[in-house]
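> Chain residues, written in single-letter form:
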Amino acid sequence: MDEGWREKFKLRAMEALNKKAPFGNDVDLSRFTGQAVSRDAIPDDAPDKALEVGIELSEKKSGIYFQLDHSVILSQLASRIKGLELMPIDDALSKYDWLRQYYWKALSVEQDKYTATAELNRTKGYFIRALANEKITQPVQACLFIDSEGLLQAPHNIIIAEEGSEINIVTGCTVGDRAKRAAHLGITEFYVKKNAKVIFTMIHSWGEETYVRPRTGAIVEEGGVFISNYVLIKPVRDIQTYPTVYLLGRGAKAKFNSIIYASKDSIIDLGNRIILMEEGSSGESVFKVVATGTSKVYNRGQIIGQSRDTKGHLECRGMILCPTASITAIPELIAEHSDTELSHEAAIGKLQEEQLHYIMSRGIPPDEAISILVKGFLDPGLPGLPENLQAEIRRRLFIIDKSLTKGV
Amino acid sequence: MMLEVQGLYVSIDNREVLRGVNLTVDEGEVVAIMGHNASGKTTLALTLAGFPQYNITKGRIIFRGEDITYRAIHERAKAGLAIAFQSPPAIRGIKLKDMIALAGGINPWTSKSDTGFVEMILRKVNMEPSLYMDRELNVGFSGGERKRSELAQIFAMRPKLIILDEIDSGVDIDSLRILGGSLREYLEANRCSAIVITHHRHILQYLKPNKVHIMSNGRIVLSGSYEELIPKIEALGYEALIKGATASG
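Listed in order, the protein sequences are those of chains A and B.
As numbered in my numbering, residues 11 to 418 make up the first sequence, in order.
As numbered in my numbering, residues 2 to 250 make up the second sequence, in order.
Don't read these hints as lab results, they were simulated from the structure.
Warning: the hint list may mix true and false statements.
[What the hints assert, rightly or not] Below are the PhoX-like pairs computed for lysine-lysine, each with C-alpha atoms no more than 25 Å apart in a straight line:
#, chain 1, residue 1, chain 2, residue 2
1, B, K125, B, K96
2, A, K20, A, K92
3, B, K209, B, K161
4, A, K115, A, K204
5, B, K96, A, K298
6, A, K360, B, K125
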């Protein structure tokens with residue numbers, strides 16, 4: 011494949027290799043390697059690990075992309091779903107010259123050292139496209155799996171929902187037991203065309219020594235809807251992300267829902283920015299977090315109203331279970347037009363004793379009662395998520411809480 | 002003997018609220034506790050249920066032969082003592098069906114969920130399962146719905162003694178009939194005892210208490226039969242009745 015067209019991005023990336031990100035700790039990426047352990051079969055524990063992040067690995071299922079370290083193991087099954095294209099990004103770039111116009115368009119390659127490193131060390135990624143006016147009801151699944159110790163995984167994903175289409179994507183990112191220390195720099199670009207709808211659910215299950223710096227941009231056209239659900243339940247070393255959505259068509263909508271269970275010494279710095287660029291566009295971000303252990307959680311939200319009849323709302327609800335954990339909510343509302351309506355709401359507090367005693371009065375021991383309340387507080391209820399996946403998230407919240415809240 | 006409360010003194014934030022309560026409840030017996038506001042009725046109920054903010058400074062609570070004075074809330078519940086709260090909290094994210102299952106000892110998130118038990122319980126309190134199963138616990142419930150939700154959870158626990166803290170407050174006449182009827186049925190079928198805390202006689206018409214106690218200032222000051230005391234309360238009010246009782250000895 012002629013890779014010459016990428017040279018300009020590579021040159022720009024080289025310039026930005028030392029550019030620190032405005033938020034989060036600076037991760038020393040030299041500690042990680044692009045070298046993956048050579049493996050041509052799916053490791054035995056992968057199906058279970060994938061299931062933990064909502065991905066059912068099965069040859070029989072359609073619409074699955076499974077990337078192990080840098081190798082795409084499964085992705086050929088899209089053809090069975092009408093109106094869907096799913097393939098490794100390199101295949102898509104070879105197949106469609108026009109795709110180059112979308113590459114590094116929703117976000118900039120020189121945004122920071124992570125975008126730059128991702129470009130210079132790109133390791134596959136997926137391309138998902140819903141063809142015009144196709145409503146793809148069956149969730150499309152993508153799983154990025156790290157299995158090699160010390161690996162730097164940097165996929166570049168592009169998702170395009172053509173005019174009038176609808177697509178529901180569930181992505182899971184996880185690590186195998188062999189990769190104790192790893193870094194994930196996932197680049198994801200969304201293009202939601204006129205009157206199209208994308209529901210994107212990302213479930214992360216990292217290791218206690220995984221550094222995660224996803225970089226995401228989304229461009230939503232007239233009447234388009236972009237819904238992003240994010241679930242993080244297991245401990246992680248350090249994650250920082252701050253996706254930006256540009257609502258550049260009339261009446262475009264964006265919504266972020268985040269469900270975070272922060273435990274052990276995880277550092278979790280999650281934000282998002284919604285820019286209401288065109289008349290009638292609206293955005294909302296709802297962030298729910300429970301913090302335990304010595305975890306540190308930051309929720310940054312920014313909404314910028316730039317046009318008339320625009321609306322934006324930020325919400326952060328936090329429950330703090332340990333005196334050693336912390337939650338910081340940093341909402342920013344920027345009105346650049348007189349006819350924009352922006353609001354935010356944040357409430358962080360401890361578990362309500364009245365509720366705890368109430369549950370206990372039904373014969374339920376305190377640790378279990380805490381777990382029930384935590385589960386209820388975080389209850390997914392995520393739009394577009396299949397009921398079996400919602401149930402799976404509920405079940406896992408219940409099990410994980412029980413083990414982690416003991417002695418609180 | 003189902004319950005024996007011996008010389009119970011309770012304080013909240015170093016303020017004495019109960020000052021020597023003595024009370025017995027036999028198996029299958031229904032006991033009413035009445036009295037004006039702040040007489041100590043709810044304190045007694047929550048102390049019996051084991052709420053830790055109620056500090057027992059003296060006295061003992063014997064439940065089915067065991068001293069439970071210092072037992073935790075959930076242990077008392079497991080032993081068969083259940084309480085219906087006057088103002089139960091609304092809890093988002095927890096469904097009524099899950100709470101009923103949990104109260105019945107079923108983990109709704111790990112067991113293959115069988116809703117048969119929950120449906121049966123909901124029907125006992127006249128809550129149509131299809132309308133209520135998936136509602137969040139007490140969220141947006143009317144007064145009557147909250148109280149029926151309380152009873153549903155309690156019936157699921159299969160208790161031996163139910164403490165009803167103003168089960169009739171904020172409830173319309175139709176809901177009261179449902180609550181009274183389903184309670185009576187449960188108590189009789191299970192030889193279950195009840196302590197009914199109330200301001201009004203209406204609920205007592207359904208529950209037919211064996212005894213009525215009147216509390217004032219942290220003590221039981223007057224006891225008698227339903228037939229004997231209720232007409233007097235209605236005629237004189239608590240204050241005059243208590244004054245009369247104290248004056249006569």
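> All the hints need checking, so say for each whether the structure fits it.
Each hint, compared with the structure:
Proximity of K125 of chain B to K96 of chain B is assessed by CA-CA distance (about 18 Å); at most 25 Å being required, the pair is judged to hold. For the proposed pair K20 of chain A and K92 of chain A, the alpha carbon gap of about 36 Å is over 25 Å, so the pair is violated. For the proposed pair K209 of chain B and K161 of chain B, the alpha carbon gap of about 18 Å is at most 25 Å, so the pair holds. Only pairs whose Cα atoms come within 25 Å are accepted, and K115 of chain A paired with K204 of chain A is accepted, the gap being roughly 17 Å.
Of the supplied pair hints, the one linking K96 of chain B and K298 of chain A holds, its CA atoms being roughly 18 Å apart against a limit of 25 Å. A threshold of 25 Å between alpha carbons decides the hint, and for K360 of chain A with K125 of chain B the separation of about 36 Å lies outside it, so the pair is violated.
Going through the hint list in order, the structure does not satisfy hints 2 and 6.
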